[in-house]
Amino acid sequence: MESLDANELKLFVESVRQYFKVLTRQEPQITSAFLATGDLQGHEYNGIVTFSGSYNGHVIVSMPGQLLKELLLLQGETDVSQGNLLDAVGEIANTLGGNARKTLGASLNISVPVRLHGSSGIQARVRKHPYAITLRWNHQPAVVCIDMERR
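Residue 150 in our numbering sits at position 148 of the sequence shown, and the numbers go up by one each step.
Bear in mind the hints are in silico, worked out from the structure with no lab data behind them. Any given hint might turn out to be false.
Below, in silico cross-link-like pairs of lysine-lysine (DSBU-like), each with a Cα-Cα straight-line distance of 35 Å or less [said to hold, decoys possible]:
#1 K12 - K104
#2 K71 - K130
#3 K12 - K23
#4 K104 - K23
#5 K71 - K23
#6 K12 - K130
#7 K23 - K130
#8 K104 - K130
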């Protein structure tokens, strides 16, 4: 397995920016992008998509409930129940995965998002040091973890 190169990683940073820009008309502030050396501090809502095929691994989106509520309200959704917040974070992970497929190739298979509630640390399963993108949008923090490698 090979590590992702700088252009492949930039794809994820740009995908996060574009997602917020299209949905909210306001780009997020990317606060850092780095190689994690241990578990990452996660938030209470997590969406995970798994990649197989030409790449292997996961993308994990972790956000606090308040950020997800604001995103739902911007879309005209008034149901901000836990189930809808989980659906929202799963959909964000799925969208980032779909955007990755456009650049990384059609042979990239993406799972249905797994949605988890609870603010445990984000643990890498594929890479010893996954890539992490931390961001803030409307004063709310979030993290995207790219734990994948090229086959």
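Hint check:
1. K12 - K104: Distance ~14 Å between K12 and K104 Cα, so the pair holds.
2. K71 - K130: Distance of about 33 Å is within 35 Å: holds.
3. K12 - K23: holds, 16 Å
4. K104 - K23: holds, 18 Å
5. K71 - K23: Holds, at about 17 Å.
6. K12 - K130: holds, 20 Å
7. K23 - K130: holds, 32 Å
8. K104 - K130: holds, 26 Å
Of the numbered hints stated above, none is contradicted by the structure.
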